[in-house]
Amino acid sequence: MADKTDFYHRLNISTGASEEAIRKAYRLAVRKAHPDVNKNAGATQLFLDIQEAYKVLTDPARKETYDAGRDPAESVPNILTEVEYSQHALLRLEEPQIIYALVDIVATEEERDTSNLPLNISLVVDNSTSMAGARLEIIKAATREIIQDLDEKDLFSLVRFNDFAKVLLPSQSRLQPRQIDSSINNLYAEGGTEIFQGLEAGYQEITKNFTQNYVNHIILITDGHTYGDEDNCLSLAQQAAEEDIGISGLGIGIEWNDAFIDQLCALTGGQSKFVQDLNQVKEFLEQSISALKQTRTRRVTLEIIPAPGVQILSAFRILPEALPLSPQEIYSLGILQKDKPHRVLFEFLVNPIPENIEPAVIASGEFTLKRTGKDFTIPFTLKRDLVAQSEELDPPTDEVIRAISHLTFYRLQEKAQRDIALGNPGTAYQRLMNLSSHLMAKGEGGLAKIAMNEAQYIRSHNNFSPTGKKQLKYGTMHLMLPEKT
Amino acid sequence: MIKCKVCGNQEYHGILFCGECGSQLAFAPDQKVNTLVYADQIRGLNMDISNTIPKKLLEERSFILYYSEQEEALDLPVQNEFSIGRLVEGQVIAPDVDLNKYEAYNLGVSRLHVTIRIDPQKNKVFVIDQGSANGTFVNNYEIPANSEVPLNHGDVLTLGKFSLKVILPNEL
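Heads up: the protein sequence lines correspond to chains A and B, in order. Take the first sequence: its letter number 159 is residue 159 in my numbering, and every next letter is one higher. Take the second sequence: its letter number 105 is residue 105 in my numbering, and every next letter is one higher.
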């Protein structure tokens, strides 16, 4: 957790920062914190804190004195953590209450000047009969393009799977054009879909050339349900995560099992996406590869242990990609990109706090970073003071409200799905109409319209339309990303 | 626990948005609640207004005029007697409710078309035609000018060709 008493943390820089870097960081921090710009409560204090830190750190004599008295255990190279809460304090209550925390881990400016890790990628493509035609052709073209963009050291392998898996291109670097062509041309459609077959072959290719100095990642593309091998897939994903191998999934069309692919990818901290428009396949592949290239950290894990009397109700990763996480103690977050933090939104249920306790600890935990040659851990504690009256609470920052409001949208569509499952299409209809009006109020006209159409569809069909269901789910999920570009 | 003012759902303290209807529960910016009413709360009407009338309106008002065409309730003043018409420049007596935004001229609404009188003691509502050019109709029957005609829940009130649904939330 960013210790705001620490001058380096206030400026979002590491201890080794040059004077130039300090000035740059100062200007950046001031721009965000200036009371004229930042209307949040506490902005003035933040601004003053930044001023103070800047004055000390740019005065060589004072900096030396400050550095000498500073706790060296704080410094993990170029990485900072930060927490924002939905309330600055907990309430003294006789009943349970909820508090949200946005937990961030982010690379500092200086990390960007460091070199990236090379890639060890396996592209695993579903070539079942339903992939025939445009789908496979688009994937073939996109694959050719991403191979072109690989660096000399990067390793690449290509696997196709239906009921069986076949390695079309074994893991290697410096691919020859003729090899690429002949292997990609072997992507023709036949058979069913058994994801485990493909995943395992991809995993084998990765492990063949596995080294800790690479970013190891499987990219899965499928358009169908897998039958009966889900558990095998999930345990393989778990194993892959432990070995710092990530999995990302792309679902094409409307037939594929989104909940399963989400879960599979979430286990490793990878992302899962849904595309309807085939032209987005290339974009997905390019974005995945370029994100993987932006790192010096193979894998980040977040361990979080709620204090006695506290329960984690939900966890949702917001950055770098939105993904619901199933509550557990250790979350695998995947690589840490240099230019994007990991941000997880936790929802805690806090039971009444005994009178003699203040501040109240909500949870404690640590981030573990697997970096080349060395692992680092950054411990943190989530705790809050207590106040008697809810009137004493300051409103949360816009960022926190935004995150929680979008989480609520996601939940509304989830609940509408549950309404349908329980045989209450009327309630599902109302929920989606409400969702639609909230989306409209937030200026999300496109998604509001989808929600509205889906509500109408439910009224006449008593069920979601297959497309609308996924559009709503991934649409509300995508809203959580702070700034859509 | 805290209660959602829109749908009545109970949530824990600290929850910022109602999990059932999505309305903001705490630190809400000062804006109109635009969350809609659940269908089962609208009874006795042969139409579905459930998605368009804010619940707050149903709770606070005893008389609502609903314009089905545009699926919205008219913005009526909170008083027991008010006039409805179409405001024209230079008009001496302005109507309390101006229908210009609904293309009232094309629909034949007069400048001072009707007066609505609400009797809260008896829980009754009356309409009085002010001698309009194109007439006032209740359920398609033209009413005489300058006399009180009672309005009931579910009635269709037509000013010229401009039709409104009468909703008496107390009857719901």
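Be aware that one or more of the hints could be misleading.
So, partial list: chain A residues that the calculated Cβ filter (under 10 angstroms) puts toward chain B [said to hold, decoys possible]: (1) Leu93; (2) Tyr214; (3) Leu278; (4) Val281; (5) Lys282; (6) Phe284; (7) Pro324; (8) Asp394; (9) Pro396; (10) Ile401; (11) Lys415; (12) Gln430; (13) Arg431; (14) Asn434.
Quick list of simulated restraints, FRET-style, between CB atoms [unchecked claim]: (15) Gln79(B) with Arg402(A): 35 to 43 angstroms; (16) Phe27(B) with Gln276(A): 32 to 40 angstroms; (17) Phe27(B) with Glu303(A): 29 to 37 angstroms; (18) Arg459(A) with Ser147(B): 41 to 49 angstroms; (19) Arg402(A) with Gly90(B): 44 to 52 angstroms; (20) Arg459(A) with Arg117(B): 32 to 40 angstroms; (21) Phe27(B) with Tyr66(A): 36 to 44 angstroms.
Calculated pairs, DSBU-like style, for lysine-lysine (alpha carbon to alpha carbon, straight line, at most 30 angstroms) [to be verified]: (22) Lys449(A) with Lys5(B); (23) Lys469(A) with Lys5(B); (24) Lys473(A) with Lys5(B); (25) Lys124(B) with Lys165(B); (26) Lys3(B) with Lys449(A); (27) Lys293(A) with Lys370(A); (28) Lys449(A) with Lys473(A); (29) Lys340(A) with Lys370(A); (30) Lys374(A) with Lys415(A); (31) Lys470(A) with Lys442(A); (32) Lys101(B) with Lys469(A); (33) Lys340(A) with Lys293(A); (34) Lys208(A) with Lys374(A); (35) Lys442(A) with Lys101(B); (36) Lys370(A) with Lys415(A); (37) Lys469(A) with Lys140(A); (38) Lys5(B) with Lys39(A); (39) Lys56(B) with Lys415(A); (40) Lys415(A) with Lys161(B).
These are computed hints drawn from the structure, not numbers from a lab. Even glycine gets a Cβ: it sits at the ideal position worked out from N, Cα and C.
Going down the list of hints, with the structure as the test:
1. Taking 10 angstroms as the C-beta contact cut-off toward chain B, the hint placing Leu93(A) at the interface holds, the least distance being around 6 angstroms.
2. A hinted interface residue such as Tyr214(A) counts as satisfied when its beta carbon comes closer than 10 angstroms to some beta carbon of chain B; here the least separation is about 42 angstroms, so the hint is violated.
3. At its closest, the beta carbon of Leu278(A) sits 33 angstroms from a beta carbon of chain B; the interface hint therefore is violated under the 10 angstroms criterion.
4. This hint is violated: Val281(A) has a C-beta 33 angstroms from the nearest C-beta of chain B, more than the 10 angstroms allowed.
5. Hint on Lys282(A) is violated. Least Cβ distance to chain B is approximately 35 angstroms, over the 10 angstroms limit.
6. Below 10 angstroms, beta-carbon pairs count as interface contacts, and Phe284(A) has none with chain B, the closest being about 30 angstroms; its hint is therefore violated.
7. The restraint placing Pro324(A) at the interface with chain B is violated, with a minimum CB-CB distance near 15 angstroms, outside the 10 angstroms limit.
8. Given hint, Asp394(A) at the interface with chain B, holds; its Cβ is 9 angstroms from that chain's nearest Cβ, closer than 10 angstroms.
9. Taken as an interface hint, Pro396(A) checks out: its beta carbon lies about 7 angstroms from the nearest beta carbon of chain B, inside 10 angstroms.
10. For Ile401(A), the suggested interface contact is upheld, since its CB lies about 7 angstroms from the closest CB of chain B, less than 10 angstroms.
11. Checking Lys415(A) against chain B by beta carbon gives a least distance of about 8 angstroms; that is within 10 angstroms, so the hint holds.
12. Taking 10 angstroms as the C-beta cut-off, the interface hint given for Gln430(A) holds, the closest approach to chain B being about 5 angstroms.
13. For Arg431(A), the interface hint holds, since its Cβ comes within 10 angstroms of a Cβ in chain B; the closest pair sits about 8 angstroms apart.
14. The closest approach between the C-beta of Asn434(A) and any C-beta of chain B is roughly 5 angstroms, which is under the 10 angstroms cut-off, so the hint is satisfied.
15. Judged by the Cβ atoms, the range 35 to 43 angstroms given for Gln79(B) and Arg402(A) holds: they are separated by roughly 40 angstroms.
16. Distance hint check for Phe27(B) and Gln276(A): the Cβ-Cβ separation is about 37 angstroms, which falls inside the suggested range of 32 to 40 angstroms.
17. Against the hinted window of 29 to 37 angstroms, the Cβ-Cβ separation of Phe27(B) and Glu303(A) comes to about 31 angstroms, which satisfies the hint.
18. Separated by about 43 angstroms at the C-beta atoms, Arg459(A) and Ser147(B) satisfy the suggested range of 41 to 49 angstroms.
19. Take Arg402(A) and Gly90(B): their Cβ atoms lie about 49 angstroms apart, and the range 44 to 52 angstroms holds.
20. One distance hint, 32 to 40 angstroms for the beta-carbon pair Arg459(A) and Arg117(B), holds here, with the actual separation near 38 angstroms.
21. Checking the proposed 36 to 44 angstroms range against Phe27(B) and Tyr66(A) shows it holds: the Cβ atoms sit about 38 angstroms from each other.
22. Taking the CA atoms of Lys449(A) and Lys5(B), the gap is near 26 angstroms; set against the 30 angstroms cutoff, the hint holds.
23. A threshold of 30 angstroms between alpha carbons decides the hint, and for Lys469(A) with Lys5(B) the separation of about 29 angstroms falls inside it, so the pair holds.
24. Distance restraint check for Lys473(A) and Lys5(B): the Cα-Cα separation of roughly 27 angstroms lies within the 30 angstroms cut-off, and the hinted pair is therefore satisfied.
25. For the hint linking Lys124(B) to Lys165(B), the alpha-carbon distance of about 16 angstroms falls within 30 angstroms, and the restraint holds.
26. This hinted pair checks out: Lys3(B) and Lys449(A) have alpha carbons roughly 29 angstroms apart, not beyond 30 angstroms.
27. Straight-line distance between C-alpha atoms of Lys293(A) and Lys370(A) comes to about 16 angstroms, which keeps the hinted pair within the 30 angstroms bound.
28. Straight-line distance between C-alpha atoms of Lys449(A) and Lys473(A) comes to about 14 angstroms, which keeps the hinted pair within the 30 angstroms bound.
29. At roughly 17 angstroms between alpha-carbon atoms, Lys340(A) and Lys370(A) fall within 30 angstroms of each other, so this suggested pair holds.
30. Simply put, Lys374(A) and Lys415(A) have alpha-carbon atoms about 44 angstroms apart, too far for the 30 angstroms limit, and the pair is violated.
31. Pair hint Lys470(A) plus Lys442(A) holds up; C-alpha atoms about 21 angstroms apart against a cutoff of 30 angstroms.
32. The hinted pair formed by Lys101(B) and Lys469(A) fails the criterion: a straight-line CA distance of about 37 angstroms is larger than 30 angstroms.
33. Among the hinted pairs, Lys340(A) with Lys293(A) is consistent with the structure: their alpha-carbon atoms are about 12 angstroms apart, no more than 30 angstroms.
34. Using a Cα cut-off of 30 angstroms, the hinted pair Lys208(A) and Lys374(A) holds, with the two alpha carbons roughly 22 angstroms apart.
35. With a C-alpha separation of about 25 angstroms, the suggested pair Lys442(A) and Lys101(B) falls inside the 30 angstroms cut-off, and the hint holds.
36. Proximity of Lys370(A) to Lys415(A) is assessed by CA-CA distance (about 37 angstroms); at most 30 angstroms being required, the pair is judged violated.
37. Taking the CA atoms of Lys469(A) and Lys140(A), the gap is about 28 angstroms. The hint holds against a cut of 30 angstroms.
38. Among the hinted pairs, Lys5(B) with Lys39(A) is consistent with the structure: their alpha-carbon atoms are about 28 angstroms apart, no more than 30 angstroms.
39. Between Lys56(B) and Lys415(A) the CA atoms are separated by roughly 24 angstroms; this keeps the pair inside 30 angstroms, and the hint holds.
40. Distance restraint check for Lys415(A) and Lys161(B): the Cα-Cα separation of roughly 43 angstroms exceeds the 30 angstroms cut-off, and the hinted pair is therefore not satisfied.
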